[in-house]
Amino acid sequence: MNIYHKSKRNILILLCLMVALIFSSCSNTEINKAQGEDDGSYKIAFTDDLGKEIRMKEPAQRIISLYSAHTENLFAIGLDEEIIGVGRQDIYPPQSLEKPVFDYRSDPEKVIAAKPDVVLIRPFIQRKVPDFVAVLEKAGINVVTLYPEKFAEFDTYIQKLALLTGKEEQAANLLQDFHAGIDHISELTQNMTSKVQVYFESSENGYKTITPDSMAAKAIENAGGINVAKNAQAVTKGSSIAAFGAERILENGNDIDVFVSQRGAMNAGGNQHAISIRPGFSAIKAVKNNRVYVINEKIISSPNFRYIKGIKELTRMFYPEIVDDITRFAAEDVVTRNQMAEIAVRYKHKEIFVPTSKYYKKQYKGHTYGMFKDVAVDHPNFDFIETAVLSGYMESYKENGSEMFYPEQKITRGELAGILFMLHDLKDTQKKVNIKDINEVSNSRIVQIVVNNHLMQCDNGQFNPQQLVTGKEVVEALNQLKVLN
Amino acid sequence: MKSKITLLSLVLSLMLMVVSLVGCTQETSGEVAKDPNQKGILVVSFGTSYADTREVTIEAVENEIKDAFKDYETRRAFTSDIIIKKLKDRDGIEIDTVKQGLQKMKDDGFSEVIVQPLHVINGAEYTDVVQIASEFKSSFDKFNIGSPLLTSVEDYKAVVNALKTQLPELKDNEAVAFMGHGTHHPANSAYACFQYALEDMDVKNVFMGTVEGYPDLDNVIEKLNDNHIETVTLMPFMLVAGDHANNDMAGDEEDAWKSILKKNGFVVNTYIHGLGENKAIQELYVAHTKAAIEDNGEEE
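The listed protein sequences derive, respectively, from chains A and B.
In this text, residue positions in the first sequence follow our numbering: the first is 1, and each later residue adds one.
In this text, residue positions in the second sequence follow our numbering: the first is 1, and each later residue adds one.
Everything labelled a hint here was simulated from the structure, so no lab data went into it.
Keep in mind the model is a prediction, meaning the values are calculated, not measured.
Treat the hints with care, since some could be wrong.
Unchecked claim - Here chain B is said to cover these stretches of chain A; the calculated rule only asks that three of the stretch's residues, wherever they fall, bring their Cβ under 8 angstroms from a Cβ of chain B:
no., region
1, 387-398
2, 422-429
To be verified - Away from chain A, derived, C-beta distances all over 12 angstroms, residues of chain B:
no., residue
3, R75
4, G92
5, S111
6, S138
7, S147
8, D218
9, N227
10, E230
11, D252
12, E254
13, A256
14, K258
15, N269
16, T270
17, N278
18, V286
Every residue gets a Cβ at the ideal spot worked out from N, C-alpha and C, and that includes glycine.
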């Protein structure tokens, strides 16, 4: 290689560099312009939670969300098609299962190849995989980092998501309903005569609780409970996890009416049995009175609209006799399956079913959460229906490969007998009642036991399995069942 | 130039010598002299994070073994890394894996070691234990691995007899259904073989099913219907009454055995005690340990 050639190559490199410099300075001026004087050409302008200025001319059309709460909230404010990818753990709402999955622990090129106009992350991801984020940003992808640390920041967080996606109006309506809902619960519970004292466990390792400004602590307050650990200090600055310890729990043992354990995440709280067998814990009032409950973190500590479900669940745990009162159903002439699901779950004081991120990794022989074709997540009794079926109280059906619940179908006597049998472990009796039409009953063994136990009566010796039941009959049968157990 | 090379090679060979010497000393200091009186039994189980059931199953069997072989030091190992981690993080309880347990016994100068797994069948987990433990074969003067509960034909018969001590008296319309774990491993055939042994020994209305293998609950329900059974008592066919027994067997969820049987019209009772609680089963594990101790590797 001669000198001439060498210098020629150097000149070429220099030229390239100059061109690159010019271009990069161009784009720099553009960002500066956006940061400095906002000329109004950016409809979307805000600062994300890592202090980055976000500027966009049009709402995002191709979004990849790498955090479950973002995914859930995007669906909640009315997006679907715009969500072109979700994170590995994202399972709610069930529609997110149909979306392509992206993993921040793997190759960022996969994300780049999907050509998103926004990638949504949270600060945790930025801390954990800074290189991944850097590669995305270098490729010109708009990475937006959001996470509300406190409940007070929830609205701003939702508004930013809405601004980013052009769903401001839907978000405003949702937030309004959300707060009205919380206020409504709070009004009902603040007048409870004797308020329950609550201990909330966030981790069984070191018996940790929650900070007083955490979402869970606010939920306890709104649900009408008194947090026993209201002076607990955060384990690290900004964390909602607070140290407490076995000794202090046991010191307060006589005051703890209700023990709530948050589950679903790594290092979460213990289950009922694990809590009850801890040394000394049998002396805690809540353990003695069988008032240890578990709640999935997704509905109590995650920044999403399901939080209101978490508050409602707490009211059921705190004031079960009042909140789960089913006598109002006695006024119904007929009872739909939809109503029956609510009655059954309230009667059993059963916690609503909330799937964990591992839930869909398994195949289920019976019903799979969220798969009813005729009960969508926004159905008013969605949680009662899912819980009644997944707890085995009520049957589900399959029609041409689709799962059906038939919420508006009315409950027959035959079906009620089946439900009563599933709600408790009934034993057969020595004395058998003679049922004339027993051969016309499909679940004859169950009906026979239910009638033998006097939970339902025959009319002139006839069971009449197809006859519809009234609300009064349902409530009376359940009262009878309660006496039996 | 030549002298330089010679010097270099001299330095190098010196360095090599030093390194190899250091290596030698390390090896000698690492080797613990074996004590002919140090004999031990490592009792291996999957483990459980629940202290209450652990005490009456795993610990109870360990104590039986301890009492039976007083010349031996009995130690514990679990095979589940998740349970070991949970106990460490939550309760500050340190439990060894099989490898750690055997390494410690080696370091402590044991001359004889018996590994007794508390597994039910000769399945994948047992095979893993054998594989890990076999690496230590040459570390001890005597080293044997005991067999799982269901190994020989005599074992099957002995287990049938052991279970008779926990079976309720059954009327014609009453049955007991055992829930075994079940496995993709060929050893899954043990469950059907055990059903055969039950029938062979004239134990009526007792049926075997598994969570993850064959026979499954549908097979059990078929047997219950064929025999006109109306009331079923569910019992775990597992060492410990843990999550499987409490949730998959006796739980209230839709897919628990209890719920499915109830939906099929059966009255269901549950017996939530692991096989490890059964005295006769504990004695069988002691007998297996004894056989491993007495096995001197001679072919019959």
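The hints, checked one at a time:
1. Only residues whose beta carbon comes within less than 8 angstroms of a beta carbon in chain B count, and the region 387-398 of chain A has 5; three or more means the coverage holds.
2. Under the rule that three or more residues need a Cβ within less than 8 angstroms of chain B, the assignment of the region 422-429 of chain A holds, with 5 such residues.
3. For B:R75, the non-interface assignment is confirmed: its Cβ lies about 24 angstroms from the closest Cβ of chain A, beyond the 12 angstroms cut-off.
4. The Cβ of B:G92 does not lie farther than 12 angstroms from every Cβ of chain A; its closest approach is about 10 angstroms, which violates its non-interface assignment.
5. Taking the minimum C-beta to C-beta distance to chain A, about 38 angstroms, the non-interface status of B:S111 holds against the 12 angstroms cut.
6. At roughly 40 angstroms, the least C-beta separation between B:S138 and chain A is larger than 12 angstroms, which holds for a residue marked as non-interface.
7. Remark: the non-interface label on B:S147 is consistent with the geometry, its nearest Cβ contact in chain A lying 32 angstroms away (cut-off 12 angstroms).
8. In this structure B:D218 is not separated from chain A by more than 12 angstroms, as the shortest Cβ-Cβ distance comes to only about 10 angstroms.
9. No Cβ of chain A comes within 12 angstroms of the Cβ of B:N227; the nearest lies about 15 angstroms off, and the non-interface call holds.
10. Against chain A, the non-interface label of B:E230 is violated: not every CB pair exceeds 12 angstroms, the least being about 7 angstroms.
11. Distance check on B:D252: its Cβ comes as close as 6 angstroms (rounded) to a Cβ of chain A, failing to clear the 12 angstroms threshold; non-interface status is violated.
12. A cut-off of 12 angstroms between C-beta atoms contradicts the statement that B:E254 is not in contact with chain A; the least separation is 4 angstroms.
13. With a minimum CB-CB distance of about 7 angstroms to chain A, B:A256 fails to clear the 12 angstroms threshold, and the non-interface call is violated.
14. Its beta-carbon lying about 8 angstroms from the closest one in chain A, B:K258 breaks the requirement of being farther than 12 angstroms from that chain.
15. With a minimum CB-CB distance of about 8 angstroms to chain A, B:N269 fails to clear the 12 angstroms threshold, and the non-interface call is violated.
16. Non-interface status of B:T270 relative to chain A is broken: a Cβ of that chain comes within 12 angstroms, the nearest being about 8 angstroms off.
17. Taking the minimum C-beta to C-beta distance to chain A, about 21 angstroms, the non-interface status of B:N278 holds against the 12 angstroms cut.
18. With 12 angstroms as the threshold on Cβ separation, the claim that B:V286 sits away from chain A holds: the shortest Cβ distance comes to roughly 27 angstroms.
Of the numbered hints stated above, those contradicted by the structure are hints 4, 8, 10, 11, 12, 13, 14, 15 and 16, listed in ascending order.
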